[in-house]
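K.L.:
As you go down the protein sequences, you meet chains A and B in turn. At position 25 of the first sequence the residue is numbered 25 (this note's numbering), and the sequence of numbers has no breaks. At position 65 of the second sequence the residue is numbered 1065 (this note's numbering), and the sequence of numbers has no breaks.
For the record, the hints were derived by calculation from the structure and aren't laboratory data. All residues carry an ideal CB built from backbone N, CA and C; glycine is no exception. Be aware that a few hints might be false.
As the list claims (entries may be wrong) - Coverage of chain A stretches by chain B, computed from C-beta distances (three or more under 8 Å per stretch; other residues unrestricted):
1. 52-61
2. 103-115
Claimed, not checked - Non-contacting residues of chain A with respect to chain B, defined by C-beta distances greater than 10 Å in every case (computed):
3. 6
4. 7
5. 8
6. 11
7. 17
8. 19
9. 31
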Amino acid sequence: DTGVSQDPRHKITKRGQNVTFRCDPISEHNRLYWYRQTLGQGPEFLTYFQNEAQLEKSRLLSDRFSAERPKGSFSTLEIQRTEQGDSAMYLCASSLGAEGFYGYTFGSGTRLTVV
Amino acid sequence: AQSVAQPEDQVNVAEGNPLTVKCTYSVSGNPYLFWYVQYPNRGLQFLLKYITGDNLVKGSYGFEAEFNKSQTSFHLKKPSALVSDSALYFCAVRDRDTGFQKLVFGTGTRLLVSP
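With the hints as constraints, model all of the structure from the sequences given.
P.N.:
Put into structure tokens, the structure is as follows:
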């Protein structure tokens, strides 16, 4: 396990459908983050887990978005009733340490296209 | 609130010349600062971080950055640019004193190194 894995790499879905993405962090990392990146912008924070507890949520995370990390290992991000504005790259990151001292390791992302 | 400004959308430099990519930040407390690089259709790769200690931080691939608290800056530098350094560079900040875990990213600077 050498990095953060995200699946799928690409997802094309029709507007109104539900989609789910998976993130597998570095195994010893207890902290997991989801970010969203749209074209021409930097990543924007969505949510943060410490072990299985979701401790921070952005206002960007509307009611249609839900994230889980049931056993403190992998995480899923679900988007219900997708809209065209949800089209973006969804990035997962993980880190170790009480203060994120070791930095954040990002996965390659899941690119979502809503048509 | 935290914020990051990357004032240049693009930086052009000839191979072999020194490069600088600018970043200024705003936090209410003390910052953790990061530089990441992104290649097309890929996630973010960590370059370097400032946590505490020496203001000059050395990172991957010959890059370095200088933390300047009075100017609230964290500019990325490299003494001699390579064509392979051409990519999108993001500066990010986290407020060390709030306890919040999220990183706030700038909008990115595209570095173009010409042969």
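K.L.:
Each hint should be assessed against the structure and marked as holding or not.
P.N.:
Hints and how they fare:
Note: the region 52-61 of chain A has 3 residues with beta-carbon separation from chain B under 8 Å; the three-residue rule is met and the coverage holds. By the rule of at least three residues with a Cβ nearer than 8 Å to a Cβ of chain B, the coverage given for the region 103-115 of chain A holds, with 8 such residues. A beta-carbon of chain B is positioned within 10 Å of the beta-carbon of residue 6 of chain A; the least distance is around 8 Å. Listed as a non-interface residue, residue 7 of chain A keeps its Cβ farther than 10 Å from every Cβ of chain B; the least gap is roughly 13 Å.
The non-interface label for residue 8 of chain A is consistent with chain B: the shortest C-beta to C-beta separation is roughly 13 Å, beyond 10 Å. With a least beta-carbon separation of about 14 Å from chain B, residue 11 of chain A lies farther than 10 Å from that chain, consistent with its non-interface assignment. At the 10 Å boundary, the C-beta of residue 17 of chain A stays outside the reach of chain B, the nearest C-beta of that chain being 23 Å off. The claim that residue 19 of chain A lies off the interface holds: its Cβ sits roughly 19 Å from the closest Cβ of chain B, which is beyond the 10 Å cut-off.
Consistency note on residue 31 of chain A: stated as away from chain B, yet its beta-carbon is not over 10 Å from all of that chain's, at 7 Å minimum.
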